[in-house]
Amino acid sequence: MAKSWKTLVNGLWNGNPTFRLLIGLCPVLAVTTRAVNGIGMGLATTFVIVCSSVLISLLRKVIPDKVRIPAYIIVIATFVTIVDLVMNAYLPDLHQVLGLFIPLIVVNCIVLGRAEAFASKNGVFASMLDGIGMGLGFTWALTVIGAIRELLGSGTVFGLKVVADGATTIGVMSLPPGAFITLGILMGIMNMISARQKKRAN
Amino acid sequence: MSESVRMVVVLSVIAMVSAAVLAVVYGKTSVIIEENAARALESSVLEVLPGTATVNIIRREQNPLREEDPKEMREKEQKTTIIYQGVDAQGRIIGYAFVGEGNGYGGAIRVLVGVDESTDQVINLKILNHSETPGLGSRVEEEGFRNQFVGKTAQDPIAVNQDINAISGATISSRAVADAVRTALKDTVELYRGGE
Amino acid sequence: MNLFLLFLSALLVNNFVLVRFLGTCPFMGVSKDVDSAFGMGVATTFVLVVSAAVTWLIEHFILGPLSIPFMQTTAFILVIAALVQLVEMFLHKTSPGLYKAMGIFLPLITTNCCILGLAIMSVQNAYNFIEAVVFGLGAGLGFTLALVLMAGIREELRFADIPEPMLGAPIAFICAGLLSLAFSGFAGLI
Chain A
1 MAKSWKTLVN GLWNGNPTFR LLIGLCPVLA VTTRAVNGIG MGLATTFVIV CSSVLISLLR
61 KVIPDKVRIP AYIIVIATFV TIVDLVMNAY LPDLHQVLGL FIPLIVVNCI VLGRAEAFAS
121 KNGVFASMLD GIGMGLGFTW ALTVIGAIRE LLGSGTVFGL KVVADGATTI GVMSLPPGAF
181 ITLGILMGIM NMISARQKKR AN
Chain B
1001 MSESVRMVVV LSVIAMVSAA VLAVVYGKTS VIIEENAARA LESSVLEVLP GTATVNIIRR
1061 EQNPLREEDP KEMREKEQKT TIIYQGVDAQ GRIIGYAFVG EGNGYGGAIR VLVGVDESTD
1121 QVINLKILNH SETPGLGSRV EEEGFRNQFV GKTAQDPIAV NQDINAISGA TISSRAVADA
1181 VRTALKDTVE LYRGGE
Chain C
2001 MNLFLLFLSA LLVNNFVLVR FLGTCPFMGV SKDVDSAFGM GVATTFVLVV SAAVTWLIEH
2061 FILGPLSIPF MQTTAFILVI AALVQLVEMF LHKTSPGLYK AMGIFLPLIT TNCCILGLAI
2121 MSVQNAYNFI EAVVFGLGAG LGFTLALVLM AGIREELRFA DIPEPMLGAP IAFICAGLLS
2181 LAFSGFAGLI
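Chains as they are written, first to last, in my numbering: chain A, 1 to 202; chain B, 1001 to 1196; chain C, 2001 to 2190.
It is possible that some hints are incorrect.
[As the list claims (entries may be wrong)] In silico lysine-lysine, DSS-like type, Cα no more than 27 Å apart, as pairs: (1) B:Lys1126 <-> B:Lys1028; (2) A:Lys6 <-> A:Lys161; (3) A:Lys198 <-> A:Lys3; (4) A:Lys66 <-> C:Lys2100; (5) B:Lys1126 <-> A:Lys161; (6) A:Lys198 <-> A:Lys6; (7) A:Lys66 <-> A:Lys199; (8) A:Lys3 <-> A:Lys121; (9) C:Lys2032 <-> A:Lys66.
[To be verified] Estimated spans, in silico, between C-beta atoms of each pair: (10) C:His2092 <-> A:Trp5: 42 to 48 Å; (11) A:Lys66 <-> C:His2060: 44 to 50 Å; (12) B:Ala1019 <-> C:Gln2124: 30 to 36 Å.
It should be emphasised that the hints constitute simulated quantities derived from the structure, not laboratory data. As the structure is a computational prediction, the values presented were derived from the model and not from experiment. All C-beta atoms, glycine included, are put in the ideal place defined by N, C-alpha and C.
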């Protein structure tokens, strides 16, 4: 039980794909102009990671070693296309905003990375937990960045107005440079918190 | 079973299962996706033709070639233009709307143009989709820019630097919208009136 | 569309890395020194141009006629992966010098999202064959430019006095933000 818990929470902080491993950065920067987009993108990616991790873990003894990468790619691409189609049908507005970055989940290094590093070596249940942890770690990172950029760039959070009328917003935060700068500062803050925790533990 | 045969079999099975699953999902969702697109376009028509209660869809065949050209060639060149006619609650025709396309910086910009039934003047327009640079080219969506087109007819030049002021720093995007409105307006007014 | 405009747009104004955020992972990973940044850029440009051509042919001669648009993502990514392998083998056999320079970067290119992103974008924008290839070339050179500039900045950063929590990736992101801000100046180019 303790081990399962550890697998699950690994992706949330210590092994956080965005802030710690620095992988899957393109959607992190591109779609986080609003908090809602961050959640949408994060959950879509979580779905793909969990489904493909489970399936790959199930098939890990069937797939010959030499062709494992193409096999993983087909599995992942299938789930991505399902997300793409379903989202287009039932959440057309969100689909329009995320656009190109939905099919690009295929080349998100987190998905293939978890398949190769975890799901191909572990059981179905552990792979599922790992997928959920990584996916949610990715989701919260995207949501926080989205909320910060939305607040500074357009004065709203989750579409609700939080600054006074007439207050100046920093437009550049919703533009591409804002994405890089927000991520850089957040990473610095995370490093600072971790350093402090380590000091206290000693 | 030898190793290489197994590789081929496993990969083919995975690929086939994947294709089958996707075909099913595509079949189920494509209907909804098309309905959504049609509904979205209809609600856009309501925006550019205020007061509209129902939208009629008019299809007009357009053929740039003449009678004496070979039949196959004419069929190939034939294209259908869709015009949306807005009718109010009393059954009066308010106007008609159509989609125009221009080439912007990041790709095509599609514009829905609403035109008044009696005067053939532009009532309003709406940018349906674009992939222009956020904060610059995307400003063609702003009301101040779009309002410049209100009241124009097919006889007006509708060109940047003549009767339309471009957004500074986004000349290409502004020109694309003006192009889209100008070409679509001229063709569609003729088609719409010619078919009566 | 005017080919030159398309090229310029992909190269500077809508720079793939700094404005469209495609290929950010190698942009952060391989920008520690100018030489390897240049190698990565050239290798990526090469694959971008070839894959722009190949995926265009796949779209117009296989996916389009069979009307199976839902296989697009799967087909493109498999073709790109295979293509990268082929390029790697071809270079290994024919030109050891070039292989030595580009070889280590090639496996990383499959998961560089600018390759797949470019393929999908040129389908969405209905580019013809020549436009797709020019688009690929512009995007590749834009990627190289951003990568080399970033590597130059990071080489200088080594001598800067940076607060400890900001060392490494965080400061690199801030610099990337400033670079992106500079590139947004190109927006009024035409």
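Problem - Hint numbers contradicted by this structure - result: 1, 2, 7, 9, 11 and 12
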